[in-house]
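Given the sequences, and given the hints that come with them, work out the whole structure.
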Amino acid sequence: MRTNGRRGAWLMLAAGTGQKRYSNDGYDDAPAAHYSWDSEVDNAKLPQVGDVIVLWDKKGLLGASVIEKIVTGEGRKVQNRCPYCGMTSINLRKVKTPRYRCYECTRTFEEPDVEQLDVTTYRTHHEIAWVDLAGELTSDQLRELCKLPKSQQSIRELDYRRFERALRTAPGLPSLSPVEAALATELSGGHTTAVVRVRRGQGAFRSRLLNQYGDRCAFTGPTPRAALEAAHLNSFATDGKHHDQGGLLFRRDIHRLFDLGHLAVDPRELTIDVAATIADYPEYGRLHGEKLHVDLTTRQLGWIKKHWTMHRG
1 MRTNGRRGAW
11 LMLAAGTGQK
21 RYSNDGYDDA
31 PAAHYSWDSE
41 VDNAKLPQVG
51 DVIVLWDKKG
61 LLGASVIEKI
71 VTGEGRKVQN
81 RCPYCGMTSI
91 NLRKVKTPRY
101 RCYECTRTFE
111 EPDVEQLDVT
121 TYRTHHEIAW
131 VDLAGELTSD
141 QLRELCKLPK
151 SQQSIRELDY
161 RRFERALRTA
171 PGLPSLSPVE
181 AALATELSGG
191 HTTAVVRVRR
201 GQGAFRSRLL
211 NQYGDRCAFT
221 GPTPRAALEA
231 AHLNSFATDG
241 KHHDQGGLLF
251 RRDIHRLFDL
261 GHLAVDPREL
271 TIDVAATIAD
281 YPEYGRLHGE
291 KLHVDLTTRQ
301 LGWIKKHWTM
311 HRG
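Residue numbers (full-length UniProt numbering): 1 to 313.
There may be inaccurate statements among the hints.
[Stated by the list, open to error] Each computed DSS-like pair below joins lysine-lysine, with the alpha-carbon atoms no more than 27 Å apart:
id, residue 1, residue 2
1, Lys58, Lys45
2, Lys58, Lys150
3, Lys147, Lys59
4, Lys59, Lys150
5, Lys69, Lys96
I should point out that these hints are in silico values taken from the structure, not numbers from a laboratory.
Keep in mind it's a predicted model, so treat the numbers as computed, not measured.
Here it is as structure tokens:
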């Protein structure tokens with residue numbers, strides 16, 4: 001919920017198509033891209049564009065992003081209820097019979113009562129700023145970071161600043177920089193425009209870098225063109241522009257690790273710095289201290305310094 005213009009933050013339970021839900025048909029969540037719910041869910045109307053979305057799966061944290069868009073529609077929902085008390089808190093038993101048990105009245109039964117409801121459907125789109133945080137926080141830690149820790153709701157209000165602090169001491173020392181960049185843009189009113197501009201210009205931006213550097217990853221050297229991505233050194237989400245001299249070509253995995261701060265460039269020595277979180281992986285550990293495979297311009301060096309300051313203090 002937003003108060004005084006401040007963004008909201010929501011912890012949302014990702015059911016997924018493969019997880020059994022006995023009170024309804026489940027949802028089609030794809031955590032890195034979208035999240036779906038309906039008007040029968042508590043807090044259904046509260047999440048807004050520009051809010052932080054944090055997804056978990058009962059076992060632990062999956063990831064976080066910023067909501068770019070919420071698409072609404074109309075649909076029908078199948079709701080399964082206890083035939084004795086009418087509640088939806090029912091469980092399918094694997095061995096015992098009758099097959100179902102109600103958590104509320106504790107009665108058992110062979111089949112639930114089934115009803116169909118007209119509902120409003122909601123689906124977020126949040127893939128642009130998505131950060132994969134799988135396993136960085138446990139389910140118990142996440143519950144304690146909610147405004148109401150004892151809540152059983154699938155959409156719960158989260159204390160974002162406490163969540164951010166908790167991640168600083170998480171095992172993988174993850175970075176929320178894509179989320180923070182999107183939030184900075186959203187608070188200045190430019191998020192949607194920035195995303196559209198980036199999508200429209202990304203192909204041309206990559207082509208310019210390929211013409212400039214050839215099939216060469218700035219960190220690892222010659223690389224098949226199909227594996228190269230155009231990486232923005234500037235925080236493109238803040239203005240949505242593909243700046244001249246604002247990018248380098250990175251191998252796909254290198255790009256991701258650079259964005260998260262696990263890889264950086266020491267601006268004094270112009271050498272690759274590998275964070276301790278990934279240094280034990282030989283493929284990346286060997287890069288530590290190595291020189292870049294391209295020369296940086298003055299503008300690129302300026303953005304490299306900002307990246308270093310963000311991730312290495």
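For each hint, the structure was consulted:
{"no.": "1", "hint": "Lys58 / Lys45", "verdict": "holds, 23 Å"}
{"no.": "2", "hint": "Lys58 / Lys150", "verdict": "holds, 14 Å"}
{"no.": "3", "hint": "Lys147 / Lys59", "verdict": "holds, 20 Å"}
{"no.": "4", "hint": "Lys59 / Lys150", "verdict": "holds, 16 Å"}
{"no.": "5", "hint": "Lys69 / Lys96", "verdict": "violated, 44 Å"}
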